[in-house]
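Asker: Residues per chain are reported as follows:
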Amino acid sequence: MDKAKSMMDKKGASGPFHVANGQRSFTSVTANGACSSNGDMHHLHRGDEPDCTGSPAKRSRLRRRTESVRRNRPPFPWFGMDIGGTLVKLVYFEPVDITAEEEQEEVENLKSIRRYLTSNVAYGKTGVRDVHLELRNLTMCGRTGNLHFIRFPTQAMHRFIQMGSDKNFSSLHTTLCATGGGAYKFENDFRTMADLELLKLDELDCLIRGLLFVDRVGFNGHPECYYFQNPSDTQNCVKRPCTLDNPFPMLLVNIGSGVSILAVHSQDNYKRVTGTSLGGGTFLGLCCLLTGCETFEEALEMASKGDSTNVDKLVKDIYGGDYERFGLQGSAVASSFGHMMCKERRDSISKEDLARATLVTITNNIGSIARMCAVNEKIERVVFVGNFLRINTVSTKLLAYAMDFWSKGQLKALFLEHEGYFGAVGALMELLKASEDL
Amino acid sequence: QSSVTYIHVVPRTIKKWKCNTYSEIININMIIMNLCVDFDYLCFIIFVAAFPWFGMDIGGTLVKLVYFEPKDITAEEEQEEVENLKSIRRYLTSNTAYGTTGIRDVHLELQDLTLCGRTGNLHFIRFPTQDLPVFLQMGRDKHFSSLHTTLCATGGGAYKFEGDFRTMADLELHKLDELDCLIRGVLYIDSVMPRECYYFENPTDPERCVEKPYPLENPYPLLLVNIGSGVSFLAVYSKNNYKRVTGTSLGGGTFLGLCCLLTGCSTFEEALEMASEGESTRVDKLVRDIYGGDYERFGLPGFAVASSFGNMMSKEKRESVSKEDLARATLVTITNNIGSITRMCALNENIERVVFVGNFLRVNTLSMKLLAYAMDYWSKGQLKALFLRHEGYFGAVGALLELLHPSECL
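Protein chains in written order, with our numbering: chain A, 1 to 438; chain B, 1 to 410.
These are calculated hints, taken from the structure and not from any lab test.
Keep in mind that this is a model prediction, so the values were computed, not measured.
The hints are all genuine.
Here are the simulated lysine-lysine pairs, BS3-like style, with alpha carbons at most 25 Å apart:
| # | chain 1 | residue 1 | chain 2 | residue 2 |
| --- | --- | --- | --- | --- |
| 1 | B | K243 | A | K378 |
| 2 | B | K243 | A | K316 |
| 3 | B | K380 | A | K378 |
| 4 | B | K175 | A | K316 |
Model the full structure from these sequences, guided by the hints.
Answerer: This is the structure in structure tokens:
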């Protein structure tokens, strides 16, 4: 009995917790202050006053709740959300250590949310769960569970909020930690449509926090971080794992709809060096216009089959060979899309060539800017993240090559498996951290 | 086949040597020096290239030609002048268009210029690199090679088409580096043209935005951004000391190529015309489209572009934008990218003055103002964007200068 009790104590409560002496939940101590009103906390706990005598079961529940308070755990569900310009990234922690009792107590909509998320890999028409990225048996805040990675287009945001409303999400009284521009843009919609208060977090803070966390816990026993060995050699170019021990300083290049470049000297000491508006959104937007494709996957598919040298004007097209004086090889691109001012050339290239040229142009531009920042900031390690690199080996290899080649081996390009999800992970961590502050 | 007239003036003696190569010039130079030492003469050595005087810059998209038309020809000289030289002079100066695509930028003509002891007008001519074969054919037809002039040429095409010049027109090119010529040309023109350099006052205010001259005295250090088909960024520390900091392949060629693809236009002028009528904010995703307002934490105003062409992944938006909007967005994207990289270079190199040249800026006030604005805004007034009237011709001017004052010989 004692053993069972102590196990239960360890596992803690899954429902919302409330301390009878009127102290508000953890959300009240966060700087942001976003939380549901105090009054609402009561209606689910009718009759659970601490001083109410009751069955042993009731006393256990109480003990678990106070234990939970002492452990400062936020109530389930645990989500982290990153609402970007193109995609919403959602991480969801699915507890796997739920006791029978906890399960019994669990409110219906919480259970249904858990079931809906974990038993599907697609949601509606555009939601996708990246199963291959799932982190299993992770321990967070004293609970063990799986971390799921879900994404859907920001265009579908209102449908998502509506779903939250339909599933009565607000009754769960969790704080929804959200980052990305959309946390600000859709704040009111969350409030008015689903009665949900967002705890808004800065996207770059979350990015760094999430990145360091995932690298630390690893990817189901494998390293999260990788690089390419022999990037300049197409035959022998091979992916190799690495870790980010002593990660600082690092140049972090976040390639989403747009690009942010950060010089990170420690977890809390970083600066946004610069950005560029020629990012993943540019690639996709231009591809849709030039080739008639509609999705990122289609665009990449086309790009993989095209030849950009039919579209771009190379140094050798202008010089007849290398531009030796300044070390520019004949194969370097002198003018992206430079051949397209000529009608015969326009008529002779394919959509695949255009897709490839768009990909190469955007990628090389990012690489070039990253290199300049690395030199300026005197940093040798450049970490590339963001969903532009999702299933995009062409770009990752090109970046690896560009960093290596143009810096004559001084710079190293690093990549991370969870690409675009770090902001959402960082938001989740803020949810859990806030509770540690108590 | 190149020929150079080398005049040695010794007191009461004028001796002329005709040299065929630059190494011969160097040899003659040595002989003269020894003579002077031996005979204690004071020597004036005048090196004069034979007419016609051309400088040529064969770029990725355009060939730029500068031609010096002498106005101080004596009756005797005129009588001696060979027929084809006269006909070349007449052809170039009495037309402002050549064939279907050649153009003389009359408004850029420099009149009454004194070069190498001669007075005349400097003419600025351009035609597409695609039409070089036509130009070569013309050179052949006019027996240009019989004039035995050195043709000083720079740009990538000087290397790429060297063989064609030889075989098609029997002409030998004296190849020069494009960036050496660029800098030389910029410094020269600025020294003879008082109002060559200018900037924009109030670039962000369309009502009050006005061009103001900028005297480029003590120009160093200078960041020179050459926007042609592609872009080169040069940090210039002194007349003979510069380095190519970096480059970008997203240049004028990208703007024109993308515009042709996206809008169906065929020329630079058409593309600019469309761009002037479009609205890029329908095509681009702005910070406010993502944040609902400013991204205050990092000082990004809501109207800043977060993702160029970012709205175009949406079918509805694609269907709602016009060709003009697309042309505008292409212009803005390329220009702002150049501006952004420029700023980083200026920061890296600790330089505050940036001069933008190159034919991307020809008749392209939109880009110039955008660059002026971007430099000013993002650097909080630290950087100044400067422009030069002769935009894309400096390489050709530098090549002409090399003909007249060869750096090897002096």
